[in-house]
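Kindly produce the complete structure, drawing on both the sequences and the hints.
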Amino acid sequence: MNIALRIIIDAFIVLGCFFAFAGSIGLVRMPDTFSRMQSSTNITTLGILCTLVGAFLYFLIVKESWGSAAKVAIIGILTIIANPVGGHAMARAAYRIGIRPERELVIDDLADPEACAEPGGESAEAPAPEKESEAEQE
Amino acid sequence: MSEMTELIYFAIFYILCCFIVIYRLVKGPTAVDRAVAGDGVDVMTDMALVLVAMYSGRGIYLDIAIVTAILGFLSQVLIGKYLEGTL
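For the record, the sequence lines run as chains D and F.
With this note's numbering, the residue at position 75 of the first sequence is 75, and numbering never jumps.
With this note's numbering, the residue at position 82 of the second sequence is 82, and numbering never jumps.
Hints may be right or wrong, so weigh each one.
What the hints assert, rightly or not - Pair ranges (Cβ atoms, derived):
#, chain 1, residue 1, chain 2, residue 2, range
1, D, 66, F, 81, 19 to 25 Å
2, F, 34, D, 25, 14 to 20 Å
3, F, 15, D, 31, 25 to 31 Å
4, F, 59, D, 28, 31 to 37 Å
5, F, 64, D, 106, 39 to 45 Å
6, F, 12, D, 100, 17 to 23 Å
7, D, 108, F, 64, 39 to 45 Å
8, D, 102, F, 64, 37 to 43 Å
9, D, 66, F, 82, 37 to 43 Å
10, F, 8, D, 25, 19 to 25 Å
11, D, 10, F, 34, 31 to 37 Å
12, D, 77, F, 12, 25 to 31 Å
13, F, 23, D, 2, 38 to 44 Å
14, F, 82, D, 100, 18 to 24 Å
Said to hold, decoys possible - Pulled a few chain D residues facing chain F out of the computed Cβ check, cut under 10 Å:
#, residue
15, 10
16, 17
17, 21
18, 25
19, 36
20, 44
21, 47
22, 62
23, 89
24, 95
As the list claims (entries may be wrong) - Residues from chain D that keep clear of chain F, each with C-beta distances beyond 10 Å, as calculated:
#, residue
25, 8
26, 90
27, 102
28, 103
29, 106
30, 107
31, 109
32, 111
Treat the hints as calculated values from the structure; they're not laboratory data.
A quick note: this is a predicted structure, and the numbers were derived from the prediction, not measured.
Each residue gets a CB set at the ideal place from its N, CA and C atoms; glycine is no exception.
Take a look at the structure:
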């Protein structure tokens, strides 16, 4: 195996390990929920993508296995598409069930009940406290 | 078995990071904290599976990693909708 290629692949994987470690430490040490959510994004974007770039280069150049490289690329593209959607859903759920950051918010668009209504749903009329009681009843 | 034997140590490092996050999964004060920590464990298990696939040279671990990534995304969106009350 080419030694320069091996060093490049290892550098990508070590960079991903560093970002995953930093995200894990932040997830334990951060003070409130939204900060912890931001720190977990550190794991799922940079940590994953650097490691997947290393794995992609390994499978494509060293192993010359196009199928495995395509699988790694599918994992990467899926992560890029899925993480903002999931993070948005979790952050909005955290706001709706009454979690607030430690400092006061400068801009609070979700406080307006019609601002972020579901498209075509009945949630435009229902304000946030009723949803909280519904979630508790379930 | 590939000649890059250091890959298994990176996989073990990811699993150790998973144990750091499991602390938040157990202790977390709210449900959102636990869901976010669970997603972190899911994602880092993915990466450990990819590294084990590189180390052992078997492609079946990559399939398991794809399925785990899809299930992690679905679980995060569904838990978010459930907590919000619009499921």
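Okay, the hints, checked on the actual structure:
Checked against the given bound of 19 to 25 Å, the beta carbons of residue 66 (chain D) and residue 81 (chain F), roughly 38 Å apart, lie outside it. Range check, residue 34 (chain F) to residue 25 (chain D): Cβ separation about 18 Å, and the 14 to 20 Å hint holds. The supplied range of 25 to 31 Å is met by residue 15 (chain F) and residue 31 (chain D), whose beta-carbon atoms lie about 27 Å from each other. A C-beta distance of roughly 34 Å is found between residue 59 (chain F) and residue 28 (chain D), which places it inside the suggested range of 31 to 37 Å.
At about 44 Å, the CB distance of residue 64 (chain F) to residue 106 (chain D) agrees with the hint of 39 to 45 Å. A hinted range of 17 to 23 Å is violated for the C-beta pair residue 12 (chain F) and residue 100 (chain D), which are about 39 Å apart. In this structure the hint that residue 108 (chain D) and residue 64 (chain F) lie 39 to 45 Å apart at CB holds, the actual value being about 42 Å. A C-beta distance of roughly 39 Å is found between residue 102 (chain D) and residue 64 (chain F), which places it inside the suggested range of 37 to 43 Å.
Between residue 66 (chain D) and residue 82 (chain F) the beta carbons are some 40 Å apart, a value that agrees with the proposed interval 37 to 43 Å. In this structure the hint that residue 8 (chain F) and residue 25 (chain D) lie 19 to 25 Å apart at CB holds, the actual value being about 23 Å. Range check, residue 10 (chain D) to residue 34 (chain F): about 34 Å between beta-carbon atoms, so the 31 to 37 Å window is met. Distance hint check for residue 77 (chain D) and residue 12 (chain F): the Cβ-Cβ separation is about 27 Å, which falls inside the suggested range of 25 to 31 Å.
In this structure the hint that residue 23 (chain F) and residue 2 (chain D) lie 38 to 44 Å apart at CB holds, the actual value being about 41 Å. For the pair residue 82 (chain F) and residue 100 (chain D), the supplied restraint of 18 to 24 Å holds, since their beta-carbon distance comes to about 20 Å. With a cut of 10 Å, the hint placing residue 10 (chain D) at the interface with chain F holds, because the nearest CB-to-CB distance is about 7 Å. Among the interface hints, the one on residue 17 (chain D) holds; its C-beta lies about 5 Å from the nearest C-beta in chain F, closer than the 10 Å criterion.
Because the smallest distance between the Cβ of residue 21 (chain D) and any Cβ of chain F comes to about 6 Å, under 10 Å, the interface hint for this residue holds. For residue 25 (chain D), the interface hint holds, since its Cβ comes within 10 Å of a Cβ in chain F; the closest pair sits about 7 Å apart. Restraint check, residue 36 (chain D) versus chain F: the minimum CB separation of about 6 Å is within 10 Å; hint holds. For residue 44 (chain D), the interface hint holds, the least distance from its beta-carbon to any beta-carbon of chain F being 5 Å, beneath 10 Å.
A distance limit of 10 Å between C-beta atoms decides the matter here; for residue 47 (chain D) the minimum to chain F is near 7 Å, and the interface restraint holds. Annotation: interface hint on residue 62 (chain D) holds; nearest CB of chain F at approximately 8 Å, less than 10 Å. Proximity of residue 89 (chain D) to chain F holds as hinted, the smallest CB-CB distance being about 3 Å (cut-off 10 Å). With a least beta-carbon distance of about 9 Å to chain F, the hint placing residue 95 (chain D) at the interface is held under the 10 Å criterion.
Every beta carbon of chain F lies more than 10 Å from that of residue 8 (chain D), the smallest distance being close to 12 Å; the non-interface claim holds. A beta-carbon of chain F is positioned within 10 Å of the beta-carbon of residue 90 (chain D); the least distance is around 5 Å. A cut-off of 10 Å between C-beta atoms confirms that residue 102 (chain D) is not in contact with chain F; the least separation is 13 Å. No Cβ of chain F comes within 10 Å of the Cβ of residue 103 (chain D); the nearest lies about 18 Å off, and the non-interface call holds.
At roughly 21 Å, the least C-beta separation between residue 106 (chain D) and chain F is larger than 10 Å, which holds for a residue marked as non-interface. Every CB of chain F lies more than 10 Å from the CB of residue 107 (chain D), the least distance being 20 Å, so the non-interface label holds. For residue 109 (chain D), the condition that its CB be more than 10 Å from all CB atoms of chain F holds, with the nearest at approximately 16 Å. The claim that residue 111 (chain D) lies off the interface holds: its Cβ sits roughly 15 Å from the closest Cβ of chain F, which is beyond the 10 Å cut-off.
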